[in-house]
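Generate coordinates for the entire structure from the input sequences, incorporating the hints supplied.
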Amino acid sequence: MTLDVIGAGLGRNATFTMKFALERLGFGPCFHMAELFADVRRRLPLWLDVVDGRPDWDAVFDGFRSVTDYPACTYWRELAAHYPRAKFVLTTRDPDSWFDSVSETIFAPRMQATLVGTPAEKMMQGAIYDAFKGGSMQDRAFMTGWYVRRNEAVIAALPPERLLVFHPKEGWEPLCAFLGVPVPDCPFPRVNSRDELGSASDETGGLPADPVELEAWGRSYIDTMREKAFA
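In numbering that gives the first Met the number 0, the protein residues as written are 0 to 230.
It is worth saying that the hints were derived from the structure and are not from the lab.
Glycine included, every Cβ here is placed at the ideal spot set by N, Cα and C.
Among the clues, some could well be false.
Below 30 Å or equal to it, Euclidean Cα-Cα: the simulated BS3-like pairs (lysine-lysine) are [what the hints assert, rightly or not]:
1) K86 - K168
2) K132 - K121
3) K86 - K227
4) K168 - K121
Ranges between beta-carbon positions, derived for each pair [as the list claims (entries may be wrong)]:
5) Q124 - R161: 28 to 36 Å
6) S219 - G27: 26 to 34 Å
7) A176 - A152: 21 to 29 Å
8) R76 - G134: 19 to 27 Å
9) R161 - A215: 34 to 42 Å
10) K132 - P183: 40 to 48 Å
11) H81 - P28: 14 to 22 Å
Printed below as a string of structure tokens:
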């Protein structure tokens with residue numbers, strides 16, 4: 000199995016919505032950060048190899064037909080080269096809205112504190128946080144400027160036949176036309192932006208530190224969000 004669709008949108012850009020949409024269109028399973036959590040003992044070592052510059056992309060995405068969200072979106076250039084037939088979907092939003100969202104969730108101090116001293120800390124640092132070494136993650140002007148430039152780089156690098164710039168509000172039609180599949184007879188999935196991180200993690204101050212608990216949480220989280228997406 001090889002990747003057919005690659006989501007280039009950063010985390011907090013409807014990446015869970017895209018996971019469920021791609022799976023409904025037949026491009027599943029779709030890898031997402033939550034899938035890493037749900038199988039962390041097996042998958043984290045593969046991503047640590049990626050951070051160390053020794054990626055085995057076929058092993059990383061074994062069993063998946065598509066991917067969205069962090070940490071994969073950081074490596075869109077490498078994935079474009081490794082999977083030359085894959086199409087890309089770049090989900091976007093207002094830069095200030097993105098900054099507000101990541102500041103309250105995946106980049107929040109409570110979330111980063113959860114990772115300290117764990118193997119996942121190195122993966123998150125290398126695959127996500129190192130991109131912001133030129134400034135502060137708390138600096139709105141720096142982060143929103145970086146966000147715009149990063150998305151512009153994706154658009155400039157990928158030919159139009161490989162890239163769709165997309166917002167879920169557009170619905171099924173542009174996505175299905177781009178991927179060459181029929182429009183489903185159901186509403187486009189919707190995942191609440193607050194729920195996308197998981198209310199349980201908010202209440203406990205972060206994600207479970209124990210790998211077994213994290214895997215159980217990740218699988219339950221995916222199942223719950225899938226039910227809500229098509230409610």
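Hints versus structure:
| no. | hint | in the structure |
| --- | --- | --- |
| 1 | K86 - K168 | holds, 20 Å |
| 2 | K132 - K121 | holds, 15 Å |
| 3 | K86 - K227 | holds, 27 Å |
| 4 | K168 - K121 | violated, 35 Å |
| 5 | Q124 - R161: 28 to 36 Å | holds, 30 Å |
| 6 | S219 - G27: 26 to 34 Å | violated, 19 Å |
| 7 | A176 - A152: 21 to 29 Å | holds, 25 Å |
| 8 | R76 - G134: 19 to 27 Å | holds, 21 Å |
| 9 | R161 - A215: 34 to 42 Å | holds, 37 Å |
| 10 | K132 - P183: 40 to 48 Å | holds, 42 Å |
| 11 | H81 - P28: 14 to 22 Å | holds, 19 Å |
Against the hints set out earlier in the document, violations occur for numbers 4, 6.
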